[in-house]
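Its first residue numbered 1, the sequence shown is counted upward by one per residue in UniProt numbering.
Heads up, some of the hints might be wrong.
Within a straight-line C-alpha distance of at most 20 angstroms, the following computed EDC-like cross-link-like pairs (lysine to aspartate or glutamate) qualify [said to hold, decoys possible]:
#, residue 1, residue 2
1, 54, 147
2, 233, 223
3, 54, 196
4, 54, 76
5, 253, 274
6, 233, 200
7, 233, 251
Derived by calculation from the structure, the hints in this document are not laboratory data.
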Amino acid sequence: MTTDHVEPVGLNEEYEREPGPSDSLRTFGAVVQALREHAGLSRAEFGELVRFSKHTVESVELGRRMPDGSFVERAEEALGNTGALRRSACFLTRGEAGLAAWFRQWARLERMAVSLCTYECRLVPGLLQSEGYARAVFEGTVPVAPDDQLESFMERRMERQRMLFERPTIPFSFIVEEHVFRRRFGSAGRMRELFDHVLELSAPRNVTLQIVPLQAGLHACLDGPMRLLETPKGQRLAYSEGQQNGRLISDPKEVSLLQQRYDTLRSQALNAQDSRGLLERLLGEL
């Protein structure tokens with residue numbers, strides 16, 4: 001049978017629960033804000049001292065962003081070298097801000113996967129989106145997201161993309177419909193930024209991008225977008241998403257069927273070299 005509610009076989013209960021907000025990030029941020037205000041510094045002034053933008057400072061103070069080591073060290077020096085920030089930073093845990101509830105479990109599985117496959121027919125996959133494209137997607141949501149929430153979405157989207165560089169031995173496969181790249185979302189400059197970004201992210205040897213050309217006609221994956229992954233223990237899982245919902249699939253027969261469809265579409269799509277050539281031609285037409 002299919003699994004409408006997520007119950008992947010053999011996974012720890014950690015993956016069975018919705019993660020709560022990170023209290024440690026919010027607490028750390030509140031301490032930074034209190035120390036900054038005690039020092040009489042605005043966010044912009046403090047940002048200059050720690051060499052981060054005032055928007056990054058705000059995100060850290062509101063608990064939306066995990067501060068990196070350089071932020072902690074510079075903040076410590078700028079705010080009196082009390083040792084409070086260095087010590088509390090050791091206990092920070094990352095939250096899941098910026099992710100739809102139904103996608104959180106899949107996002108955690110992505111980080112441990114030994115292979116990841118994505119088919120998209122609606123929009124550029126999140127792992128390949130340029131900053132301008134991602135912002136346009138989030139700004140177009142209904143209901144309209146508040147500014148602080150939009151920034152949280154943006155940070156999480158860009159953070160997810162780091163997987164492509166941080167896991168150079170993990171194969172990432174993307175199959176995307178040509179019409180997705182032809183859809184305009186802004187100025188010619190923003191379109192160029194998108195194409196350059198996709199070409200850059202798909203250049204490493206572990207990343208494969210294939211485009212399904214318009215003339216390919218009907219094919220095996222017309223039921224909609226999907227993602228497939230393999231866990232370190234060899235379990236294969238799939239994920240499908242629609243309007244206001246998502247479903248993680250662990251039933252072996254259903255996952256096998258989706259894998260067959262994906263493999264069939266691979267043979268119908270342009271190869272990686274020709275796909276890059278198509279993107280470069282689209283870039284040249286702008």
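* Asked: If you draw a straight line from the CA of residue 54 to the CA of residue 196, is it 20 angstroms or shorter?
  -> With Cα atoms ~28 angstroms apart, residue 54 and residue 196 exceed 20 angstroms; violated.
* To do: Starting from residue 233, check that the Cα of residue 223 is at most 20 angstroms away, please.
  => 29 angstroms, violated
* Are residue 54 and residue 76 close enough, with their CA atoms no more than 20 angstroms apart? -> 17 angstroms, holds
* Is the straight-line distance between the alpha-carbon of residue 253 and that of residue 274 20 angstroms or less? -> Not OK: residue 253 and residue 274 at ~33 angstroms, beyond 20 angstroms, violated.
* To do: For the pair we were handed, residue 233 and residue 251, check the Cα-Cα distance against 20 angstroms.
  => With Cα atoms ~16 angstroms apart, residue 233 and residue 251 stay inside 20 angstroms; holds.
* Please work out if residue 54 and residue 147 have their alpha carbons no farther apart than 20 angstroms. => 15 angstroms, holds
* Asked: Taking only the CA atoms, is the gap from residue 233 to residue 200 under or equal to 20 angstroms?
  -> It is violated: about 31 angstroms lies between the C-alpha atoms, which goes past 20 angstroms.
Hints 2, 3, 5, 6, counting from the list given before, are not met by this structure.
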